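Fit chain F to the known structure of chain U by using the hints.
From first to last, the protein sequence lines stand for chains U and F.
My numbering numbers the first residue of the first sequence as 62 and each following residue consecutively.
My numbering numbers the first residue of the second sequence as 242 and each following residue consecutively.
Keep in mind the hints are simulated off the structure, nothing from the lab.
Take every hint as true, because none was put in to throw you off.
Covered, in the sense of this in silico footprint (three residues per stretch, anywhere, with C-beta under 8 Å from a C-beta of chain F), are these stretches of chain U:
#1 103-112
#2 126-134
#3 145-153
#4 156-168
#5 192-205
#6 271-281
Sample of chain U residues lacking proximity to chain F, with all beta carbon distances greater than 12 Å (derived):
#7 Ala343
#8 Glu351
#9 Thr371
#10 Ile394
#11 Arg409
#12 Thr424
#13 Lys426
#14 Trp437
#15 Lys442
#16 Phe479
#17 Asp510
Every value quoted in this text rests on a predicted model; they were computed, and no experiment measured them.
Every residue gets a Cβ at the ideal spot worked out from N, C-alpha and C, and that includes glycine.
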Amino acid sequence: MLDMTPAVLSERAALRINPCKTCQPVGAMYAALGVHNCMPHSHGSQGCASYHRTFLSRHFKEPAISSTSSFTEGASVFGGGSNIRTSVKNVFDIYNPDIIAIHTTCLSETIGDDLNAYIQEMEIPEGKYVVHTNTPSYVGSHINGFFNMMCGFIKYLSERGSAKNGKAAIFPGFVNPGDMRELKRIAKLMNTPHIMFPDTSGVLDSPMTGSYEMYPAGGTTIDEVKALGACEKVFALGELTGEEPANVLDRKCGVKYELLPLPIGIENTDKFLMALSRFSKAEVSYELEEERGQLLDVILDAHFYLYGKTAAIYGDPDVALGLMSFALEIGMIPKYVITGTPGEAFERKAAALLAKYSVEGCTVKQSADLFALHQWIKQEKVDIMLGTSYGKQIARAEDIPFVRVGFPILDRYAHSYFPIVGYRGAMRLFESITNTLMDRQDRDAADEDVEPVM
Amino acid sequence: MNTILEERKSSIRQGGDGSGMGCERGSVAGAVSQRACVYCGARVVLNPITDAFHIVHGPIGCASYTWDIRGSLTSGSERYRNSYSTDLREQDVIFGGAKKLSAAIDELAEHRNAKLVFVYATCIAGVIGDDVDAVCREAERKHDIRAIPVKAPGFSGTKSQGYRMACDALMRLILPHKSDSEIRGVNILGDFNLAGEMWIIKNYLERLGIPVVSAVTGDASYETLIKMPMAQLNLVQCAGSVNYLAKLMEAEFGTPYIKVSFFGIEDIGSSLIRTADALGDARAARLAREFIAEKEAELAPFSARYRPHLEGKRAAIFVGGGFKAISLIRQFSAMGIETVVVGTQTGQPEDYELIGQLVGSDAVILDDANPSELEQFMREKGADILVGGVKERPLAYKLGIAFCDHNHERKHALAGYEGIENFTREIHLSMNSPVRRYMEGGI
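Only chain U is shown next, with the shape it has when bound in the complex (with noise of 0.2 Å):
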């Protein structure tokens, strides 16, 4: 399909080809539905709320629900208001959540609707909550969406409370339920009491019983949101998806946070085990040492096949920049690191990462899209790609393996029960990028030299 992208650059400063991220309330809505109980709404026209649903159920193959102010032509000139009260009325007449999670869009927020004002003058039954995030789609990207929510949340609920509870909060940054289970595992063999926000395991894992929940059994709930005001410390895992928010509590609640990358890798991982650590003042336990050396292990067996490879990474900024760390762990070379979210310090952290190894002539880029990455290809071909779904044309018109990795995954099934985190998400990450690299040297091979053992 990609045959006709020139190898040649062009300067291109008006028009985007392919982006590498989507708007910010697809972000926000997923971080609302990390909440129990939680309808998120979307304030705008009603297409919006249909493409984010999509566009989740495509990825979780789930149902992925909102509610939408289904803007008309009256209220994009005379403003939301009127939308927004019969909403909340509606959803909570209908559907009875317990919360409400609003979050703008781009036509809300140009015509200047004041969520707080509305929001503040609405009837909201006894014991139900309505919080809400301004999420314009024309900045950053689904990532800013994410935390946005995540603030307005924080904003709304979380309480100092009269004593500190004793617990640690873990922000996972925008990954898969998989990802939230293995990190809650982890801080459960660390002995750390935490509270995980948003929590989407349970959510968008939820298991085939027979029934539909519009409100399934996980999520964070909102007494652990309010709670997260008397959190002893908080571990943003995301160092661009998790300061803000952290932030906004530490101002709010003053909880001080730690800053972590995503632990995608060993020395990531290590770091959040070290963090968990000083925080329970737990040992690691066996089992995660166990984790880690048999990591290493998997590794030392199939460090050939790995080293000096070379590799195209895209996708959200923390998750490349997680994949970016582990690929030169194993050896490997980032030839290309892209994320289509904007923002100068993805730049800084990958250009730190090579430094670090002493990697060079690799090229790295935020605000980019995945026509220039194919543009780069073809003036120099790397030996796999890791990212998501909407590299496999290029994957296929450049015949370069291909391993699915972040958000979104629209063509394959399971991936997101799965973690890339911790030292077993590294070992699933690593068997998938060995055996990827593995099947294509089967492929290519003659006759004669295949065999059983490699």
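Just chain F now, kept in the frame of chain U:
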């Protein structure tokens, strides 16, 4: 939870009467609607035009959600499968985005050999005051291309309005090519060549000696579209989306049209014969009868083999347009399956009336349903299978109900006689999968 919004009551009928349904209106504020927007309607109709640049003028979301998802196949350019947009940023919103749009079209025209550009202005383009018409006019003059604005802010109506905008855009494209000469053959309107379905129909028509001039918009290109005014007849397939275009073309070029459907054994046969009749082509009509007899005979043993697995089951349908729902009801009935729940996103009053005549007296008919309503009625009516799109699939699976995708995510054709086989196999496969044995009794 099983209560129904007061405002929704006129859009839900129990008892199989579809007349006077509340439809063609915006979703209720606060609804978990399954429905898309004006932009979506316009985009899905135009997107399959293979060699056009489809530029979304707005923030990135609307471009990324519609990137290469349509499932329409091409025999020519693959340009339409890329995502082009102006990715509007905050300063564009403050200072206006028209300049950026103009620069984006320049970049396409200068480096990528553009001939045809559709500019989709999404929610905020108009609100921030961008004169998309002027930008397009200027681009046409400057680059000698066609640059057609599709001003489709999501809030300006329902998905159906988007269809109309797409039809208007197409008229704008083909109007300068009005001609007195006629080409023998038909246009197929409202087939998007999902999984090659348009090609199947085209082959059938060619067997009858009827050439296809152009399709709207499956596997269409600039060159095929501009020949449309010269065709003898328009076959309107997805009526919800393109009936309006057929009317415009009739008024402007005098092209007559008939409504057809190539889904389901009954509709395929009658559509082929009616096409030949409408052209006054006796030879084609004779060939059609022979062809239908041959194909139906071929299909009979296949259908007989599957029938015992399907007979007596109950189906629920929730699809985009009314016409699709109608064909599905007929095909289910040919398979021995009763349709017990039927809903659409954009059905018209006359569709609902016909639906009411086709289904049993205790069937439920819904316009713009939400998940709770679908759940409630599928349970109540004991549906074994749901036919729907991407948002309905996980819902059906959670309920343990079988599912058939009749939207953009399928990779096999459901039109034509081949399509009946695919459809039958899929219904059987999902309804009778061994995994169901583990679901019924629990552990």
